[in-house]
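Start from the sequences, fold in the hints, and give me the full structure.
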Amino acid sequence: MRALTDGWLMAGRNMRHVVRAPEEIIIYFSLPIMFVLVFGYVFGSGMSVPGGGNYREFLLPGVFVMTMLYGLGATASAIAADAGRGVVDRFRSLPMARSALLSGRAGADLVRACLEMTTLVVCGLLVGWQWRDGVGPALTAVALILLLRVAMTWVGILFGLLVPNPDTVAVVVFPLAFPLTALSNVFVAPELMPDWLGAVAAWNPLSATVAAARDLFGNPGLSGDSWPARHALELAVAWPLALIAVAAPAAVRGYRRLGR
Amino acid sequence: MSDDTTAVLADGIRKRYGRTTALDGFDLAVPAGTVYGVLGPNGAGKTTAVRVLTTLLRFDAGRARVAGYDVASEPDRVREAISLTGQYAAVDEVLSGRQNLVLFGRLRRLSARRARDRAEELLDRFGLTEAADRSAGGYSGGMRRRLDLAASLVVPPRVLFLDEPTTGLDPRSRNGLWSAVRELVDDGTTVLLTTQYLQEADHLADRVCVIDSGRVVAEGTPERLKARIGADRLELVVRDAADLPTAAAVVERATGAAVTVDAELRRVDAPVADRIAVLMTVLRTLEDAGVAVEDVLVRRPTLDEAFLHLTGGRFDAQRMEVAS
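Chains as they are written, first to last, in the numbering used here: chain A, -19 to 240; chain B, 1043 to 1366.
Don't read these hints as lab results, they were simulated from the structure.
Treat the hints with care, as some may be off.
[To be verified] Some but not every residue of chain A turned toward chain B, in silico, with C-beta under 7 Å:
id : residue
1  : R0
2  : E3
3  : R70
4  : L74
5  : M76
[Stated by the list, open to error] So, partial list: chain A residues that the calculated Cβ filter (under 10 Å) puts toward chain B:
id : residue
6  : R(-4)
7  : A1
8  : V67
9  : D69
10 : T120
11 : V122
12 : S206
[Claimed, not checked] Now the in silico label distances, taken between C-beta atoms and shown as ranges:
id : chain 1 : residue 1 : chain 2 : residue 2 : range
13 : A       : W(-12)    : B       : S1255     : 52 to 58 Å
14 : A       : V151      : B       : D1112     : 39 to 45 Å
15 : B       : S1153     : A       : V(-1)     : 22 to 28 Å
Note that beta-carbon positions come from the ideal geometry of N, C-alpha and C, so glycine has one too.
So this is what it looks like as structure tokens:
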């Protein structure tokens, strides 16, 4: 109970930070918009979708997921910045839940992810993307994408504690995140890749969420009959939960170790 | 042992970082309702001791109790009872002063309304009302330290830890902080403060300990510490610098001790045992020799001198300048 209320208070603190630093809000919205436009139009002109269909419509669920992945950089540097601040000593000397600083970050970043998702969906609709199978499945797809973001938040929190320097952590995150998107079904269907590469891409946690979202949105690009492709929905739930199960306890341990 | 008269108790605390020993059998007993000063040079282990006692740092051996609770096994109870104001202002630099105080009030289980009211009271008391809605990051050093102290008092703690609270503060802010500390003690709070400024400990603390290399090398009232280095001192200032050698010779003969001569201040300084007799002899002899004395006094040694003596002179002169 206390963990919840303290986490809530800390989430409020993090959101007030954004309000007091409005330049951050521009970043909130500009990255998703840029991703939709750049990838939609630059890549969109020269790519094909297995089984036919509009590439931009194929791409958008991938861009949604990619934006969620990149969010972990912001999470990591926010946590790294906090860990280096004197105020963490005060938090740690208060009779508050140990988890609150971290869960408050996770909560605030989920709110941020909702704003980003809204921006992405609006941009997507403007460039011709749409959901075709009704609102219920579409919302389920959005929920799966946000679930992945929650997992990415905990991975980001763990990074932020392992590399407690906001500048360094931003540099570390990109080279890890970029290959992860390239080696997935975000831009290219795995069956268009060499076999071994396609297998890697199919098992990529991002691919599960993207494939499940494409299915639920009714977008083109449903691909392959590999085991992970046929069980995309299950994997889109299982992967993020597994990541959270590993990253969250490790992050809490890392936070405790700040005091050694 | 959890008697109500000892607010902070440390018993043989050891803390190692790799090969460095930060605390090497650190002992401390702070009577409830008093101000206790922990003195020591940089790196002596003052901050480590505070971090151990405020549950921020685990320790390797020994026992610590704060406000009657065991630091190692009941850290949450300890946290309920204490506040910490560190060397580096521990406030959220992005939030405004008011938002900081409300947040810390809420985290201490005040209702939203009570937290807001308490924030107003504290902003007013610490002269921060005008700056209340600005980011704390934009505050001056003194304002930030005041906000930091205010944040520690949102719910009045039973034991307040102040880690070098006035380092880098101008004299006016320092005096303000000192009077705030004294008010707190009047209300029954126990205060443990660390400082490099001997003057601060002399001024505020009922008892002090001196730590060096992670252990206590002396403990007692400031008066007793000063007494430990022995004799009172005779200080004599001559009007004409040319008379300094004569004066030094006279003082040396009368006290039978080594004399320190400060040419710039035209001052002769020596330890003295039989105060009045020596004083009379010196003044009479100097008068006969025709040396004009501008000023003379017999005083107890300063805490600086006690400190130097106790830590084997490792307390360097540069820091003393800052302190004076």
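- Message: Under the constraints set out in the numbered hints, which ones does this structure not fulfil?
- Response: Hints 2, 10, 11, 12 and 13 contradicted; others consistent.
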